[in-house]
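A.B. asks: Okay, here's what each chain looks like letter by letter:
There are 2 protein chains.
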Amino acid sequence: MSIETIETPAILIDEAVARRNLVKYQAYCDEHGLALRPHIKTHKLPHFAKMQMAAGAVGITCQKLSEAEAMADAGLDDILITYNILGPAKLARLRRLAERVPRLAVTADNAVTIEGLARAFADADNALAVLIECNTGANRCGVATPGEALELAQTVSNSPGLAFRGLMTYPPVGGTVAVDKFMTGAKELLSQAGLACATISSGGSPDMWRADSAGGVTEYRIGTYIYNDRSLVERGACTWEDCALSVLTTVVSTPAPGRAIIDAGSKTLTSDLLGLTGFGHVLGHDDVSIVTLNEEHGTLEWDGGARFEIGETIRIVPNHVCVVSNMVDHVWVRGEDGDLEQYAVAARGGIT
Amino acid sequence: MSIETIETPAILIDEAVARRNLVKYQAYCDEHGLALRPHIKTHKLPHFAKMQMAAGAVGITCQKLSEAEAMADAGLDDILITYNILGPAKLARLRRLAERVPRLAVTADNAVTIEGLARAFADADNALAVLIECNTGANRCGVATPGEALELAQTVSNSPGLAFRGLMTYPPVGGTVAVDKFMTGAKELLSQAGLACATISSGGSPDMWRADSAGGVTEYRIGTYIYNDRSLVERGACTWEDCALSVLTTVVSTPAPGRAIIDAGSKTLTSDLLGLTGFGHVLGHDDVSIVTLNEEHGTLEWDGGARFEIGETIRIVPNHVCVVSNMVDHVWVRGEDGDLEQYAVAARGGIT
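As they're listed, the protein sequences go chains H and D. When we follow our numbering, the leftmost residue of the first sequence carries the number 1, and every step to the right adds one. When we follow our numbering, the leftmost residue of the second sequence carries the number 1, and every step to the right adds one.
Take the hints with a grain of salt, since some may be wrong.
If you want the footprint, here are the derived chain D segments under chain H, 3+ residues with CB under 8 Å [as the list claims (entries may be wrong)]:
hint : region
1    : 140-150
2    : 234-244
3    : 254-261
4    : 342-352
It is worth saying that the hints were derived from the structure and are not from the lab. The beta carbon of each residue, even a glycine, is placed where N, CA and C say it ideally should be.
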């Protein structure tokens with residue numbers, strides 16, 4: 001198989017670049033005394049989850065049960081699901097998952113979730129580890145104050161079948177000061193109440209090189225860093241050479257000077273903008289913009305005349321890799337030996 | 001199976017509403033002497049493609065080979081692929097598809113595409129029907145002038161293995177006047193050159209109720225109308241009661257007054273805005289906005305205090321249904337008997 005014979009659109013991953021990225025960030029975490037717990041939502045591939053573990057990660061992060069189940073199927077044995085798991089069906093799945101994942105943990109930010117977890121694990125042989133999710137400014141999930149974190153930690157601690165593991169937050173970009181403040185306050189309250197807080201877990205790729213600046217954090221969760229993407233390049237976290245994933249696409253029409261149409265649209269690149277203008281970066285053509293996406297068409301524009309040939313393939317670094325991996329059943333990985341191999345995206349498809 | 005036991009997020013389709021939508025638009029086309037060729041990219045389900053055919057459609061439209069292959073597998077026998085098919089692998093697939101689809105047609109807007117088609121079908125028993133794609137203002141694909149359309153029509157007509165079928169356009173919203181002008185001019189040129197133009201195919205859901213106003217159009221392609229979505233409600237093409245597809249989602253956190261978090265994020269609802277503000281419409285809660293999406297979280301906001309219970313399920317009409325169907329391997333269809341049945345989304349996953 002060679003790149004010329006791959007049908008487009010297709011996702012290409014350069015394994016050497018991916019490995020370099022994950023090794024580099026593992027070294028950063030090692031240097032700063034942080035446990036690294038990579039988020040597999042970015043790649044959804046056991047192949048790379050195992051590579052991250054081999055490089056020194058303490059475990060992996062998943063965002064939903066179906067991701068965790070796919071990773072457990074592949075033998076991953078330390079999984080944190082950073083989500084409120086609710087409802088009888090999901091709780092039953094979580095309980096079954098706990099029976100085959102030696103180190104499984106979840107997060108919770110409310111009493112209803114904790115009650116459900118407690119009911120599901122009341123008669124479990126091993127307690128389920130629970131981290132309390134704290135809002136440090138992203139205004140998504142999370143308790144609003146250290147006092148509320150303490151209250152839920154006590155509820156967990158008093159629930160047979162559950163074990164309080166620590167605190168977790170998904171901070172806003174630039175939120176390390178807020179994380180520090182919240183966690184310092186919460187740790188003090190927990191300590192006064194006699195509750196051990198083994199883990200303080202923070203995360204987020206844009207601030208990856210400032211992960212050490214929030215004093216109380218023991219663990220960092222990060223996903224995008226293995227592939228990188230346009231949003232991280234634009235925010236200065238990496239360069240185009242650090243981007244391991246690109247979308248291979250064919251120019252299917254050159255209908256006017258300064259415009260070309262490619263066979264990658266919103267069903268491949270997705271409409272995620274992440275605050276940027278345009279839908280991706282055309283490698284080797286810095287002055288070309290991807291101005292609109294339809295489902296199966298992308299429209300490129302630039303100042304000037306003829307540029308691309310019909311049938312020519314080009315490569316695009318997407319705005320946001322995590323959602324692009326999720327669009328396809330298979331990706332092409334160029335191994336460190338140069339060979340192309342197709343991998344099934346194991347954790348795609350199960351949306352629950 | 002009942003709606004209460006469906007794990008969320010999930011896609012729910014009300015078959016009675018879908019049928020009503022497609023029957024109503026078929027009646028409109030019948031009344032106005034238009035052939036209806038529904039675009040199956042919206043649902044990707046043979047079940048609904050067959051229902052559209054049974055209601056009177058002349059055939060179906062697909063946007064890529066993998067969609068057409070899935071529909072051919074299910075027995076659909078009149079398929080137009082509105083795309084420039086390029087490259088040896090895809091041309092070989094197209095040739096194989098033609099051997100089992102009695103009425104297969106494609107579009108082309110350039111000589112390179114026509115050359116490839118001509119090579120692939122040079123020794124075919126049955127000529128491949130080709131429509132020339134024309135740009136009537138959407139500035140995606142399409143030749144710019146009636147003169148260029150004539151030139152390509154002649155190239156097709158002179159290619160053994162190909163048969164000129166007519167003209168095709170994907171107009172901009174409100175573009176019926178431009179369609180009329182382009183097609184009237186092109187028809188005259190074709191007629192002077194002695195080329196029969198059997199089909200003039202236009203399409204687009206926002207202008208569906210004005211499809212008759214472009215004089216030369218013989219066929220209308222439309223996808224979204226079977227399910228409808230927030231974009232069409234906001235543009236006045238239908239009402240919330242006409243929306244057959246909704247996303248069933250669970251409230252997983254109520255972290256602050258006026259804010260709730262649901263388990264449908266950009267990996268379910270997608271980031272498609274289609275010019276709207278917010279990421280969907282919460283049925284029964286007109287004053288609630290879906291202000292942000294992360295991959296597995298959606299953030300609802302409203303003015304006021306407590307509103308939703310943790311664990312409560314709500315239903316969301318997405319901005320754009322066509323991309324939402326594409327996110328999942330299965331959808332739940334509530335049949336006209338009230339029973340829920342799970343359907344595999346046959347044409348999802350093959351991105352080429």
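A.B. asks: Hint by hint, which ones does the structure fall short of?
C.D. replies: 2
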